[in-house]
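Protein sequences appear in the order of chains A and B. Our numbering puts the first sequence at residues 1277 to 1911. Our numbering puts the second sequence at residues 2 to 104.
There may be inaccurate statements among the hints.
To be verified - With the C-beta cut set under 8 Å, the calculated list includes, among others, these residues of chain B facing chain A:
#: 1; residue: V21
#: 2; residue: F24
#: 3; residue: I94
#: 4; residue: D95
#: 5; residue: A96
#: 6; residue: E97
#: 7; residue: D101
Said to hold, decoys possible - Residues from chain A that keep clear of chain B, each with C-beta distances beyond 12 Å, as calculated:
#: 8; residue: Y1473
#: 9; residue: M1703
#: 10; residue: Q1840
#: 11; residue: S1886
#: 12; residue: I1889
#: 13; residue: W1894
#: 14; residue: L1897
What the hints contain is simulated information worked out from the structure, not anything from laboratory work. We treat Cβ as the ideally placed atom computed from N, Cα and C, and that holds for glycine.
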Amino acid sequence: MEYTVIILLLPMAMFLLLGLLDSKLSPRMAGILGTLGMIVCTAVAYTTAYQYFTQPRIDGEFPPVTAINIEWLRFTDFLHIDLGIYLDPISVMMLVVITTVSLMVHIYSLGYMHGEIGFQRYYAFLSLFSMSMLGLVVATNIFQMYIFWELVGVSSYLLIGFYYTKPEAVSASKKAFIVTRFADLGFLIGILILSFYTKTFDFATLTAAPGTIITETAGASFLGCSVAAWALALIFMGGAGKSAMFPLHIWLPDAMEGPTPVSALIHAATMVVAGVYLVARLFPLFCVTPEVLDFITVVGAVTALYAAIVACVQSDIKRVLAFSTISQIAFMMVALGVARDTDLHAGLGYMASMFHLFTHAMFKALLFLGAGAIIHAVHSNEMTAMGGLRKYMPITHITFLIACLAIAGIPPFSGFFSKDEILTAVMNKSLFWGIWMTVVAGLTAFYMFRLYYRIFWWNKPDYSHHTPHEAPLTMTIPLIILAAITCVAGFIPFGEFVSVNGQPYHIHLDPTVATTSIIIALIGISLATWLFLKENKKPGAMADSMRTLYTAAYHRFYIDEIYQFVTHKIIFALICRPIAWFDRHIIDGTMNMLANVTQGVSARIKGLQSGYIQSYAWIFLAGALVIAIITMCCF
Amino acid sequence: METPMIYYIIISTIMFFAGVYGFITRKNMLMMLISIELMLNAVDINFAVFNRYLYPDAMEGMIFTLFAIGIAAAETAIAIAIIINIFRHIRNIDAENLDDMKY
């Protein structure tokens, strides 16, 4: 399947073409070119998926295919970095997800970004992002993944800061870059430790014999945990940074400063699930260190609850969606954390996580694109500027409602099936986390419907100066396509394609869990309906009754302020400032002193180079005389 | 009775240092050139005298004297040419005006 390389090369070529020609192309031309490129990519990705999943199973599983592998850098006899394309069920699934969402966003942006300055640049960056994200998922080895991992970080930075004249966008892009970069430091150290002991970067080799790392590191431990556990925990840190896990989530809500389609593509559907994908990719390794998986479960569960609570009180619709993304990704993390690779039953979480990744990408992209259409219509992100929009924007309304139902977990929409699998997997592992996650699922239903009612029902604000209108066709078509996918994706026999050991898994619903989750989702929705259907005083009264909690949640439990305190008051004031002083006064001082002494001396003696031949003659004569005198005195 | 060698050497020393003095103190470049000639001639005298008194059988000193006179003539011709060119440029041949080569 060598042709899969087109999926990477085409967006790269588009990036170079659009980026280099930039304003020489008309915006319309650039948009169409970028979209056409993405259409071809999507077609190739679908062909790949079709061909991959129709090939005969070997021992019941789809064998991984290394379509291309080129040695790029060789360090030692056994350590070398390759670039290639590795196809296995999850990477093929990711190819489909990324190209689909990316294509939708490309089409949508034709309408949404119409008339923006830098339209061509925007499409160039979108192509760069698509290339990096696709390269990340098909990586044959962990180092290639790391390279593309950083590339998606860069393109995310570029796209968040797309409106670079806006100070908030600039600081948001910096924040996103620095926070994820900090997490990637852990990732890099993890990779180095791992490759030091296993002597390979290759995913196929790493996951084929996951026990090797234990035997290789035999007995080596650090702070009470084995080196293998440390390596994997550090790799997870990289994933947690990209996937916005608590406490590294702070960049994602701010990243909403970017254009809305970018939020849909990068900060909801694709890039932020890279962390989940990373853990899934190295899953057999994580299974030999169950303590790391337990750690992932705890981090995921805490993040899920935290983000869900915060999402209930935010007033900026994109921020609500951002926190909902964090919460949903945390669901996937928890599912991975509770999974084990012993058998299909224990590995249910793995399948559930990938399934939820797939469905979530579709309905969250739909939610963001819908939010984009709403923002496009009312020119504001704030809920206070919205209300009663269902009459003005019927298509957006219906598609948004479908996405809300899906994320809330109402059958037959896709979110129900994947979330149900996650809850079943968590319940199997531990009742405590099972109940915890069910509560979060209820909160999800509540805050999503709070958002929905607040936008489409509630009371109409004054629209007299500007009547909202339905978005153009380029924007509604992607909404309709994604809504259609959301309606049917739940019925895909996902377990047949992706499961922990490759054997087909027949998804069956656990009646107890399914009923519980539907009931709790309905409770959440009813509560939201009671509070937000019509304008009333109840939400305000409720907020007043829990003023402390409300304020804390509104300020995202002061996590940003804590970071601000730690970085400014502790790291900057106590560590950086003394170091800066030392650098400025001791290091620079030494150098300055040398320079000043040289300069002073030369200023004094430069008079000797007067240019007057006669003074030179004088000095020459005097010197000759002195030497003559010395010679005479000595001999 | 021949004149003792020391008299010649005294004469040449006086000439040499007169040349050095002139080279250092004169502003006019022609005067400096003349001073250089004075120094060269002092050296020529020394060559001739040492050859005549110390090694009467050899001729190297004399040959060197003739050689130095020839060189001095050529050198003077070049120096005069340079001085004339400088004069055309700055209408002046004072050495203190020529400080383009300073630091």
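Structure-based check of each hint:
{"no.": "1", "hint": "V21", "in the structure": "holds (6 Å)"}
{"no.": "2", "hint": "F24", "in the structure": "holds (6 Å)"}
{"no.": "3", "hint": "I94", "in the structure": "violated (13 Å)"}
{"no.": "4", "hint": "D95", "in the structure": "violated (11 Å)"}
{"no.": "5", "hint": "A96", "in the structure": "holds (6 Å)"}
{"no.": "6", "hint": "E97", "in the structure": "holds (6 Å)"}
{"no.": "7", "hint": "D101", "in the structure": "holds (6 Å)"}
{"no.": "8", "hint": "Y1473", "in the structure": "holds (63 Å)"}
{"no.": "9", "hint": "M1703", "in the structure": "holds (87 Å)"}
{"no.": "10", "hint": "Q1840", "in the structure": "holds (55 Å)"}
{"no.": "11", "hint": "S1886", "in the structure": "violated (5 Å)"}
{"no.": "12", "hint": "I1889", "in the structure": "violated (6 Å)"}
{"no.": "13", "hint": "W1894", "in the structure": "violated (6 Å)"}
{"no.": "14", "hint": "L1897", "in the structure": "violated (6 Å)"}
Hint compliance for this structure: hints 3, 4, 11, 12, 13 and 14 are broken, all remaining hints hold.
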